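Trainee: Spelled out, the chains give:
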Amino acid sequence: MVKLVERLDRVIIRFAGDSGDGMQLTGDRFTSETASLGNDLATLPNFPAEIRAPAGTLPGVSSFQVHFADHDILTPGDAPDVLVAMNPAALKANLPDVPKGATLIVDTDGFTARALAKVGYPSDPLADGSLESYKVHAVDLTGLTMEALKEFGLTRKEAGRAKNMFALGLLSWMYGRPVEGTLSFLETKFARQPAIRDANLAAFRAGWNYGETTEDFAVSYEVRPAPMPAGRYRNITGNLALSYGLVTASQRSGLPLFLGSYPITPASDILHELARHKRFGVRTFQAEDEIAGIGAALGAAFGGSLGVTTTSGPGVALKSETIGLAVSLELPLIVVDVQRGGPSTGLPTKTEQSDLLQAMFGRNGEAPVPIVAPCSPADCFDVALEATRIALTYRTPVFLLSDGYLANGAEPWRVPEVDDLPDLRVEFATEPNGEAGEFLPYLRDPRTLARPWAVPGTPGLEHRIGGIEKADRTGNISYDPDNHDHMVRLRQAKVDGIDVPPLEVDDPGAQARVLVLGWGSTYGPIGAAVRRVRLAGRDVAQAHLRHLNPLPANTGKVLRSYDRVLLPEMNLGQLALLLRARFLVDVVSYTQVRGLPFKAEELAGVIEDVIK
Amino acid sequence: MTSEVPVELGLPGLRGVPTAEEKQTKKDFTSDQEVRWCPGCGDYAILAAVQGFLPELGLRRENITFVSGIGCSSRFPYYLDTYGMHSIHGRAPAIATGLAASRPDLSVWVVTGDGDALSIGGNHLLHALRRNVNLTILLFNNRIYGLTKGQYSPTSELGKITKSTPMGSLDHPYNPVSLALGAEATFVARTIDSDRAHLTSVLRAAAAHRGTSLVEIYQNCNIFNDGAFDALKDRETREDVLVRLEDGQPVRFGADLDKGIRRDPVTGALEVCAADDPLVLVHRPGADDPSQAFALSRLSDPGSLARTPIGVFRSVQQPTYDDLMTGQLEQAVETQGPGDLGALLRGRDTWEVA
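Taken in order, these protein sequences are the chains called V and X. Per the numbering used here, residue 1 is the first one in the first sequence, and the count goes up by one each step. Per the numbering used here, residue 1 is the first one in the second sequence, and the count goes up by one each step.
It is worth saying that the hints were derived from the structure and are not from the lab. Note that the coordinates shown come from a computational prediction; the quantities given were computed from them, not determined experimentally. The beta-carbon is built from N, C-alpha and C at its ideal position, and this holds for glycine as well. Treat the hints loosely; a few may be bogus.
To be verified - Ranges of calculated distance between the beta carbons of each label pair, as one might list FRET restraints:
no.	chain 1	residue 1	chain 2	residue 2	range
1	X	330	V	178	38 to 44 Å
2	V	7	X	341	38 to 44 Å
3	V	535	X	341	38 to 44 Å
4	V	480	X	330	36 to 42 Å
5	X	331	V	418	37 to 43 Å
6	V	51	X	48	55 to 61 Å
7	V	366	X	331	45 to 51 Å
8	V	51	X	342	25 to 31 Å
9	X	330	V	195	34 to 40 Å
Claimed, not checked - Over 12 Å on every C-beta distance to chain X, these chain V residues come out as not near it, computed from the model:
no.	residue
10	191
11	314
12	444
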């Protein structure tokens, strides 16, 4: 049967099922296939904190959304064009996000009276006409999978578990995805369980063949590769890019990487990833708690390592005292906070930007810490290098504020050439620096105000440092009032003086009266919204802050150049508070804390309202 | 009478730390900072013993680092002319772990107190001990909070009357040696600030041990808890109270070594017996099984200090965390080759855009 192939410029697919159904893996594989075809893409995994929430319930639904296109895109998309629902709960939980006219591919196997009742469906939505305005493909994915695997001698349960690969095969056919990557992935993943490997491969192929042969799917679709700058690309998540950034920072600085960390969602994957790179001299220490994680990293930094700790908001709260110590010791240290919903345990698997003020002020005393934030998954790589540059140059702890959306979201990344990456080499002190031949551990570089980094093992530079206030130059204990005032101001001046590139504004017609400003992971949704507004014929400027402390020197000037400044944030206006206090500019704060990224359409509406 | 603790030849605890070319003296380890403990504090004696003992190790001064927490004892690093860090309350074992695990060429010491190590920092102490990082932890136990001016500590005897417990403390004290043995520490010892020879011999054994060494040092706070250990120091009575543990020797005490310690064959509890009792225990700090060491740690009366053992309770060789970590890094390079950054960044799944 020859089927029609229809060309599309972009598609948004959401896979949804029970948290044990393998939806994240399915989405990951579809994304890899899509990446290797050369589409631009962005992803949004969304899952509960429970590992296996009760089956068939609304709280147990896990989903993975992927947006791919033949052009440059910025977000995982607002609303799915295709929803793959593996059970009634997945349908019910996700249908409100699906626009009328979209395609639903539903596994009918789970639509029993009991399962329907469990999620509060009074009648079967596949039969009662309530889905009439959608293109519904009701397919017994589980039954077809079991049928395809009946020769494999698996139990019903084991065979049924391969249904996600059947669904992946079907969607791969629908969108003409290359399958080699998934086949070799399954070969490797289940190399030691040949029966499971063969079942998954067979289920995947059966899904593909089902699409090709059944009349239910009359059309397949083509999304052509997106034009991108020349180079070699790979697909990468924020946590992976951040891990690679840290390994790269270690290699480019010549300092061994020491990660002290305690497992916490959504940061743990950085610990897992770095633990795999021992041959790069990377030491990973899974500590007894958050405090020990950063303590060990600081101890390693004292010894001349590139000390890093990775955590999320609750962990930062525990590390605060040690960050203050690092401020006082003036040692390089990188604190990665992959933000999640708060307060307290909050929403461990959801995203939020609500740790900005914690990073900025969450310590006793005047304890300034530089803050940088990546704007996309791939940008986590560059920002890890930038955080390292600041930490090493200025001998200071640095906050890197990622978030759950960046951590787990993926996009294509142009792989850099190693030789093009910044040189981060640093020189340890080797000689006494005092006029009388003594070593002064708090004598500063006049340009950076950084103090010398003299590591144990260096003869003649033996010295003691600590959290008690230190005398300028000598570092000896000092309770002198004038010295304390001087040291507090010096530490502040050092951070204020960090060399930060100017804030760049994208204002193509130079006619805009409204600026949309953002920081961190809102870059994608803001950018997509700005495009929509411009397509509608209105002028709007966009700028995005990577450095939050210190802010770029031209920030105030940029803010004052526009009639209105709109600042969308996934918190209750934390950066808006800082900018108002700092520049006396009445920033329009637009906020949401739903645990999910902004939708471009909604932000476009907000921008329109501010322009009017 | 003093006892000597045997030292293992070759000081395995310091393997990898470069040695000094010239002979050193106490002066080499004395910093230019004025010592600011209260006059009469037991810390002075410990400082003098450590400054006097470090030259004996023959290590390069710059390869020695002292890390401390918060409290009177934690001012210690300022007074030694080595590298040092006076950190934050309770966290010194964690900080020292990062330093020791990343710098095999350093001799890393932790100085802490009963509040710092056992109260606010209890968790870090336990985990340092179970991990067996190559650290020597000196725990100054004065059974009181000194720097905050006299509240009871986690080693204060039950019913202790202090500013924060005017009707007596309600919580049962820790026994640091029992705690360390419970955490399966590979080296655990106890000594006394005023017994210079014993203190030095224990320090020597601790430094020689590869792995985490915990040395509890009974230390007098003459301001807030004066005389806490007088029972162990009074020349008239101390030999009736101190039980000196020596490797391979019967556990005996008393002015004429006329008393012994044996295990009740029925209950298993330790009890005092005659020195010539055939069941008198023989001390075996190198035994893998820590049961007898633990039983000895329970021997003393926390109030009167009667039957207080001092010396090395346990000293066994086990792989250290830092050696194992270094080993994994070396093994990774051996089996996979040294890291190739370009190959890492490219990964296995890339595509070209022309």
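Trainee: Which hint numbers does the structure go against, in order from smallest to largest?
Mentor: Violated hints (numbers, rising): 4, 5 and 8; every other hint is consistent with the structure.
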